[in-house]
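Asker: Residue-level listing of the chains:
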Amino acid sequence: MKFLRQFAARIVGQSIRIFARAITAVRADWKGIEPVPRQRVYFANHTSNADMPMIWSVLPPAMRRTVRPVAAADYWLKNKLRAFVGPEVFNCVLVDRRPEVKDKPMDKIIAALDEGSSLIIFPEGNRNMTDDPLLPFKAGLYNMGVARPEVDLVPTWVANLTAIMPKGEIIPLPLICTVTFGEPIHVKDGESKDDFLKRASDALVALAPEDRT
Amino acid sequence: MSPTTEDILLLAFGSFGILIAMTFVGEVLRAREEPGFNNPVLDTYMTRVQSWWGMVAFVGAALLLGKPGIMTLFAFASFAALREFLTLTAKAQADHLSLALAFFAVLPLQYIFVGLGWDGLYAIFIPVYAFLLLPIVSALRGNSNRFLMRVAETQWALMIAIFCVSHVPALMNLDIAGYGDRSLLLVAFLVMVVQLGDLLEYFFGRRIGKNCIAHELSPKTWEGVACGVVSAMLIGGLLSWITPFGVFGAMAMAGVASLVGMFGSLVVSAIKRDRGVKDWSHLIPGQGGFVDQLDSVIFAAPIFYHLTKYFYA
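Protein sequences appear in the order of chains A and B.
Residue 194 in numbering that gives the first Met the number 0 is what sits at position 195 of the first sequence, and the numbering runs on without skipping anything.
Residue 249 in numbering that gives the first Met the number 0 is what sits at position 250 of the second sequence, and the numbering runs on without skipping anything.
Warning: the hint list may mix true and false statements.
As the list claims (entries may be wrong) - Some, not all, of what chain A presents toward chain B, calculated at C-beta under 10 Å:
#1 Met0
#2 Leu93
#3 Asp95
#4 Thr161
#5 Cys176
Simulated from the structure, these hints should not be mistaken for lab results.
Glycine is no exception: its CB is placed at the ideal position from the N, C-alpha and C atoms.
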């Protein structure tokens, strides 16, 4: 039974990847890093629920196997299908954002890093529905950088998803989506939380393609 | 085996012969390089030759499958081209439905009309129905910000990526006296003279080109274009046995198609420069996107179609 579930998870994962490729011709642009298996935290902009599957789809197989997206438990445990796709297909680290729960998100994230996994996180915390390129970052990225300073924090820009699937639309448009990986950053000695988050946010926005239309 | 099939196989083997020669030259040059040294020009050349292998194989297989094969191949090329084009155009959420209709209704309908051979309809379906109805769909959402720009850019995308591309398979619908089922070969003729003309234009432009046509847009030179068009005419003359045009007719048609194609590719460069991109996408290794590869065929197709229809059908 366990074997069957794993097999089903692989099939679903491949289908998602092929679907993303066929519709959006999604492609990785390795600007600041090489596609090599190294422990990294990919921090990305968040405009749509398809952001995470897009990043996951462009990673080469060896990297995809060791990457774990950090995602909200309330979203991925809502029904049986999501509870299968989130934890088993994408191997998500599910965190509970409610303040009253006991197991703190950061403990689970650090535990995943200590197992050697790479992570995908969305430091804005929520989907960005504004016209600004990014919402202010939450402290999580800084805390990870301080707790595990040797891990590369890689800014990751997902372009075009707002046009592909704006909020409230049902049919996705098949436009080209590009995932750009920038140069890794680390928390510097004595750098304050706000300074670091500002620097991380700037590094991420710098990867956004210029809007010339 | 029908004579048409024989001709297709002959063309395919001829193209494979050229590609084998090009691959051989590349491998010899690579073998003569010092170990550990990479020549970027040679690398680009080899990637391009590899992409050419793929393209010849795809077009050849599609031709052998006949009309359904060619229809499927160019419908897919249209889809890829439209996706590249609309990724770069101005749009707002108010256009979401009209853009979805462009992909999922206008594109398949145009190819269905071409497949059915309804030439009265596929000639006007996009310029009349799509151009008038899609802006209505956008206007219903009530966003007037940059409205004209959004509508105009979407219409150009439809014109280039669907209307023009669909005129390549539409060549199969032309009813030419004494030519029978061989109109399939016109597709091969158009694609070969235009693409080979481009290749030689690039080669001669590099070798003897001095006077740029529009240096802000592209490195194309008058000398390169002249040599490219003359080469295309010679190739057209050599290929006249697959056409109903006769030797001089084939040369003239090849020359017109190649000339229009080269200036069309200048137009496409202007759009790329305006949007600040080098290539439309990265789908074809070494060549960029479908629009980069097909730009000259895209421009030549409707004109080649109408000239053939006017003079020969």
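Asker: Compare the structure with each hint and give your call.
Answerer: Hints versus structure:
no.: 1; hint: Met0; in the structure: violated, 40 Å
no.: 2; hint: Leu93; in the structure: violated, 31 Å
no.: 3; hint: Asp95; in the structure: violated, 33 Å
no.: 4; hint: Thr161; in the structure: holds, 8 Å
no.: 5; hint: Cys176; in the structure: holds, 9 Å
Against the hints set out earlier in the document, violations occur for numbers 1, 2, 3.
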